[in-house]
Amino acid sequence: MAHNEKLVFVFIPGACHMPEVFNPLRQLMSQQELDSEVVALPSVGAEPPNKSLTDDVSHVRSVLQQLAEEGRLLVVVAHSYGGLVGAGAVQGLDYVQRSQSGQTGGVIMLVYMTALVAPSGNSLYDMIGGKWFPWIKVKGDYCYTSDEEIVFYNDLSPDEQKKWISKLKHISVSALMEPVTNEPWHNLACMYILCEKDMCLPIALQEQFASTLGRGCILFRCQGSHSPFLSMPNKIIEGLELAAKVGAERHGLASQSHI
Numbered sequence: 001m002a003h004n005e006k007l008v009f010v011f012i013p014g015a016c017h018m019p020e021v022f023n024p025l026r027q028l029m030s031q032q033e034l035d036s037e038v039v040a041l042p043s044v045g046a047e048p049p050n051k052s053l054t055d056d057v058s059h060v061r062s063v064l065q066q067l068a069e070e071g072r073l074l075v076v077v078a079h080s081y082g083g084l085v086g087a088g089a090v091q092g093l094d095y096v097q098r099s100q101s102g103q104t105g106g107v108i109m110l111v112y113m114t115a116l117v118a119p120s121g122n123s124l125y126d127m128i129g130g131k132w133f134p135w136i137k138v139k140g141d142y143c144y145t146s147d148e149e150i151v152f153y154n155d156l157s158p159d160e161q162k163k164w165i166s167k168l169k170h171i172s173v174s175a176l177m178e179p180v181t182n183e184p185w186h187n188l189a190c191m192y193i194l195c196e197k198d199m200c201l202p203i204a205l206q207e208q209f210a211s212t213l214g215r216g217c218i219l220f221r222c223q224g225s226h227s228p229f230l231s232m233p234n235k236i237i238e239g240l241e242l243a244a245k246v247g248a249e250r251h252g253l254a255s256q257s258h259i
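The sequence shown begins at 1 in full-length UniProt numbering and counts up by one.
Derived by calculation from the structure, the hints in this document are not laboratory data. The structure presented is a predicted model; accordingly, all values stated were derived computationally and were not measured. Heads up, the beta-carbon is just placed ideally off N, CA and C, and yes, glycines get one too. It is possible that some hints are incorrect.
Simulated DEER-style distance windows between Cβ atoms [unchecked claim]: (1) Ser101 x Glu160: 41 to 47 Å; (2) Gly102 x Pro134: 47 to 53 Å; (3) Asp159 x Gly102: 50 to 56 Å; (4) Lys245 x Gln103: 22 to 28 Å; (5) Glu20 x Arg215: 33 to 39 Å.
Turn these sequences into a full structure, and let the hints guide you.
Structure, rendered in structure tokens:
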């Protein structure tokens, strides 16, 4: 992909993950002149654990809005729980809505990377069947994970598994119980990255989420686990480049954005 100073990929981490989990992928993208940002979620590692989905959405939205106001073309990449955050954060920031009001920049594509998709009024807890998965450990207002080497990182080496497990934090339970309030796929181009070997969100569940996005959703498959950005970054970059290309084409921007 040719360099484009307007295009920026914005990553939203999943539950319990810190922004640095995207560092290896972002470094590789930088070498290919693909600009990116990653946003920390207030609910991850919060003390006391009282930050909600609303707090996450508000913070991510402020970052997206600033980039849009700079005239940037945004491809928002939401991982896991981040799919619920992204759904709310992009509201009103898509390129079409902004251009109709005389503003430049905006979101041209929302990428769900093995992420949750929830109709309005539903929470993460609702979307996993109203029962915590066995590896989700709730202690009061804190939510932790277990068996991460299988659930999150089953295609990484033991050393890499240990490295990334050591960086995980708790997430506020309230963030997982709060319902979403926006369904972005009705007016925003979407892609779903399906990960065949994911043990966190099994492929059948991912396909169910992807079907919610409608026929216009682009499907991109890989053989990765729940964290393909660590195990197969080049494949993920391939998918992200496709997302940017299609997003630009659907907004009539391909010629001016050099995507």
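Hints, one by one, checked against the model:
Between Ser101 and Glu160 the beta carbons are some 46 Å apart, a value that agrees with the proposed interval 41 to 47 Å. Distance hint check: the CB atoms of Gly102 and Pro134 are about 52 Å apart, consistent with the given range 47 to 53 Å. Asp159 and Gly102 have their C-beta atoms about 53 Å apart, which keeps the hinted 50 to 56 Å range intact. For the pair Lys245 and Gln103, the beta carbons lie near 23 Å from each other, so the given range of 22 to 28 Å is met.
Checked against the hint of 33 to 39 Å, the pair Glu20 and Arg215 passes, with Cβ atoms roughly 36 Å apart.
Violated hints: none; the structure is consistent with every hint.
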